[in-house]
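Trainee: These are the residues of each chain, in order.
Protein chains: 2
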Amino acid sequence: MSFTLFLIFLAACFAAGATGGLFPTGRWYAKLTKPRWVPPNWAFPVVWTTLYFLMAFAAARVAPQEGAAFAMAFWALQIALNAIWTPVFFGLHNLKAALPIMAALWLAVFATTVSHWQIDTLAGIALLPYLAWITVAGLLNLALWRLNPDTKPLKPAEL
Amino acid sequence: MSFTLFLIFLAACFAAGATGGLFPTGRWYAKLTKPRWVPPNWAFPVVWTTLYFLMAFAAARVAPQEGAAFAMAFWALQIALNAIWTPVFFGLHNLKAALPIMAALWLAVFATTVSHWQIDTLAGIALLPYLAWITVAGLLNLALWRLNPDTKPLKPAEL
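So the sequences go chain by chain: A and B.
Per this note's numbering, the first sequence starts with residue 160, numbered consecutively.
Per this note's numbering, the second sequence starts with residue 160, numbered consecutively.
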């Protein structure tokens, strides 16, 4: 496995992850009605950092191997969808528009996991925690949307 | 070239491009002092749509070829950076934080172009308009930041 390759994929992960710092949780999120099973705030950066290392590890193992084209295409798709969810949820307060992004992200992560597994078992296994977490995040997004029907999206263009 | 592969890369592009619809220009952007050479508003979606097709075309040509690992890693990096620029600029009104993202994006697009060119000349050529446009977009971001020193970033978490 090329360490430079790992670092480039990791940079892509941290570009997506930078949205966590740029669009932080705060008063708005604190005031939302949450389901009882909501993970504590500290868990999110810890889990995401771990997942980013696993994602970069999986991609760096698979990328140099023959037949990796679809795995790479799905990996690129999931990182793009991953990057836009946080701005839509925390930047626009748009719980509803965040849902189809989550659904698309879940499918992209599923396809990424399967396509990586076909090339390299360890890479596929490394992506399972991501698939599990996206399932939780998607259910959380759904619960927050249902529990907070009066939340109005922001319109930054008009502010 | 696999058409399915092209469509997956195109989906990644349109995930990044969806930020243009989610974070539209509006009153805030209209009021910014612009340099004389600012492109008209209609040019942005036209140019970006064209570039997305070219990016997906380049990636779909290169992905199945031997030695494409670095090209794929850089492609993933550029699409992640591409996806976060619009939310930071139009969502946060943060002209300054958008600058290092633009700088990183320019480097990522440069590396993507070179690495694609090494595998496939046509793919490299297809990425040149993207590199040219990112240069213009970067200079525009810089000019807008200089011309509008009093623009205050939004803090959506506190709204």
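Treat the hints with care, since some could be wrong.
Identical copies look the same in the list; a pair holds intra-copy or inter-copy alike.
[To be verified] Straight-line C-alpha distance at most 25 Å; calculated BS3-like pairs for lysine-lysine:
| # | residue 1 | residue 2 |
| --- | --- | --- |
| 1 | Lys311 | Lys193 |
| 2 | Lys314 | Lys255 |
| 3 | Lys193 | Lys255 |
These aren't lab readings, by the way, just hints derived from the structure by calculation.
Trainee: None of the hints should be skipped; say for each whether it holds.
Mentor: The hints, checked one at a time:
In this assembly of identical chains, Lys311 and Lys193 lie within 25 Å of each other by CA distance solely inside one copy; the values are 16 Å within and 31 Å between copies. When the C-alpha separation of Lys314 and Lys255 is checked against a cutoff of 25 Å, the pair qualifies both within a copy, at 14 Å, and between copies, at 20 Å. With identical chains, the CA atoms of Lys193 and Lys255 are at most 25 Å apart within one copy only, with a shortest distance of 15 Å there and 34 Å across copies.
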